[in-house]
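Chemist: Okay, here's what each chain looks like letter by letter:
There are 2 protein chains.
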Amino acid sequence: MTVSDLIQQIEAKKSYLCVGLDSDIEKLPAHLPKTTASILTFNKAIIEATHEFAVAYKINTAFYEQYGAEGWNIMEKTLELIPKECFTIADAKRGDIGNTGKMYAKAFLQNMDFDSITVSPYMGRDSVEPFLSYGKVVIVLGLTSNSGSQDFQHLTTPNGKLYEEVISTVATWGSPENMMFVVGATQAEKLQEIRAIVPNHFLLVPGVGSQGGSLEEVSKNGLISSCGLLVNSSRGIIYKSNDEGFADAAREEAKLLQTEMASYL
Amino acid sequence: MTVSDLIQQIEAKKSYLCVGLDSDIEKLPAHLPKTTASILTFNKAIIEATHEFAVAYKINTAFYEQYGAEGWNIMEKTLELIPKECFTIADAKRGDIGNTGKMYAKAFLQNMDFDSITVSPYMGRDSVEPFLSYGKVVIVLGLTSNSGSQDFQHLTTPNGKLYEEVISTVATWGSPENMMFVVGATQAEKLQEIRAIVPNHFLLVPGVGSQGGSLEEVSKNGLISSCGLLVNSSRGIIYKSNDEGFADAAREEAKLLQTEMASYL
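As given, the protein sequences belong to chains A and B, one line each in that order.
Mapping to the numbering used here: the first sequence position 11 is 11, numbers consecutive.
Mapping to the numbering used here: the second sequence position 211 is 211, numbers consecutive.
Chain A extracted, bound-state conformation (with noise of 0.2 Å):
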């Protein structure tokens, strides 16, 4: 889906909430068996409970990763249960030059389907360039809600911080219909900033509730007539409960967080 589908469910839906599925087998609800099918069933159930409140859904590859070729199938298999109305993020975090981010880019954008993947800027131009010919969206990592975030982002460099220069020159790559940033939440003050830099494009917010960051904080100061905004939260939802009843809390959470968000929209 473009992003322009996604301005639209953001107004159905009067929500700007990315639920993550950071699914981990240590961490799921106690009856169910510690197998990686169990992932997905857990998967599907938070889907089913939440994909009323939410309009994007995140897949962080680490946790699929650590399981080899079964959590790759896994992988999959969750994508394909998302209502094809959410936007999918492919939380990769990749960045590669030429041949190779363009192999990353079939990987999550064509072979994948998913919507969108999150990107490393590092090595610069060419290796952010392989991801937009797919007709999807790249999202950038501009400034991370991490403690490390202040060993290079806040570099000063001669057009301002790091992350300022990232996000201004990467933004002439593209567009706000095929490139989105990461902006982390805890630095809900920078917003402002980094929203006279991209007045236009997404954000996409990680790191509200267990993080640290506040959804009132960030709503204020990030969102713009199309919305604008992503906020994601996964452990806050998905693990609020650890029983049987784990889908209708995480149901109960989103709900919480949409009705939070249909206020500020």
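Fair warning: there could be bad hints in the mix.
Listed next, the in silico EDC-like pairs over lysine to aspartate or glutamate satisfying Cα-Cα at most 16 Å (straight line) [said to hold, decoys possible]:
#  : chain 1 : residue 1 : chain 2 : residue 2
1  : B       : LYS106    : A       : GLU70
2  : B       : LYS106    : A       : GLU26
3  : A       : LYS77     : B       : GLU70
4  : A       : LYS106    : B       : ASP24
5  : A       : LYS106    : B       : GLU26
6  : A       : LYS102    : B       : ASP24
7  : A       : LYS102    : B       : GLU26
8  : A       : LYS106    : B       : GLU70
9  : B       : LYS77     : A       : GLU70
10 : B       : LYS106    : A       : ASP24
11 : B       : LYS102    : A       : ASP24
12 : A       : LYS102    : A       : GLU70
13 : B       : LYS102    : A       : GLU26
Because the hints were derived from the structure by calculation, they are not lab data.
Dock chain B against chain A, hints included.
Modeler: Here is chain B on its own, set in the frame of chain A:
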């Protein structure tokens, strides 16, 4: 295997050659059927033909991920075919924080038992450290050889270019025993500067041959008493010939590079 084991192998084989298994169905020798199974047949022949002259093999994960779960299986089987005395590199360019980084590390360094993995530094310390806790080696992108390296890696920061700042900072998070850096070979003139920053670390140098780097230049500027170099060649070796003699041709090319390397050691 450890960096000390690698140094022993370099001394024994008089080689610091790394063979890159960028194996692509479309480029396999013409007589092989265009199937994923042929990739394994091809890799087996290449490994058998070249391991006398190579101390390391680099598996470019994108080439395998493009075939989904099946590709992942072939990657695992290829890894098993590499002789134990050779250092193995997952060229995965991963990088994510905390729990997620740990899962990537587990996937490649524990479940698949690679000796090392390439990692992107953009997200900072807590995206690199999860890879350091498996007693293996993390290979961090320093200066890459692609044209896009100009976009951000060469930006001026308070302590030199970004790539210099990245290399000098990242080096403090580990030691030459558990950390290496990727340094693009087409930037041979930069190797001296980088050697001044990390006089004792191994550098993984891709891009000799098809990407235009000169082995002589790289060796002159990069070698240290423990060698400190792994020079990678992918296409130049594995696709040297497209007919039934492809393995012999790969062997001859590897031997040629090894002979030249022996003269620099």
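Chemist: Take the C-alpha atoms of LYS106/B and ASP24/A, compute the straight-line distance between them, and say whether it is at most 16 Å.
Modeler: 13 Å, holds
Chemist: Between the alpha carbons of LYS102/A and ASP24/B, is the straight-line distance 16 Å or under?
Modeler: Answer holds: LYS102/A to ASP24/B is near 12 Å, not above 16 Å.
Chemist: Regarding the pair LYS106/B and GLU70/A, is the alpha-carbon distance no greater than 16 Å?
Modeler: 15 Å, holds
Chemist: Verify the proposed pairing of LYS106/A with ASP24/B, using a straight-line Cα cut of 16 Å.
Modeler: 13 Å, holds
Chemist: Given the hinted pair LYS77/B and GLU70/A, is their alpha-carbon gap at most 16 Å?
Modeler: 14 Å, holds
Chemist: Going straight from one Cα to the other, do LYS102/A and GLU26/B come out at no more than 16 Å?
Modeler: Cα-Cα ~14 Å, so holds.
Chemist: Below or equal to 16 Å on CA atoms is what counts here, so check LYS102/B against GLU26/A.
Modeler: OK: LYS102/B and GLU26/A at ~14 Å, within 16 Å.
Chemist: What's the verdict on LYS106/A and GLU70/B, does the C-alpha distance respect the 16 Å limit or exceed it?
Modeler: Holds, at about 15 Å.
Chemist: For a C-alpha distance cap of 16 Å, please report whether LYS106/A and GLU26/B respect it.
Modeler: 14 Å, holds
Chemist: Is the Cα-Cα distance between LYS106/B and GLU26/A 16 Å or less?
Modeler: Within the cut-off at roughly 14 Å; holds.
Chemist: Could you grab the alpha-carbon distance between LYS77/A and GLU70/B and see if it respects the 16 Å cut-off?
Modeler: Given pair LYS77/A, GLU70/B holds - Cα atoms ~14 Å apart, limit 16 Å.
Chemist: Starting from LYS102/B, check that the Cα of ASP24/A is at most 16 Å away, please.
Modeler: At roughly 12 Å apart (the allowed maximum being 16 Å), ASP24/A and LYS102/B satisfy the hint.
Comparing the model with each earlier hint shows a violation of hint 12 alone; every other hint is respected.
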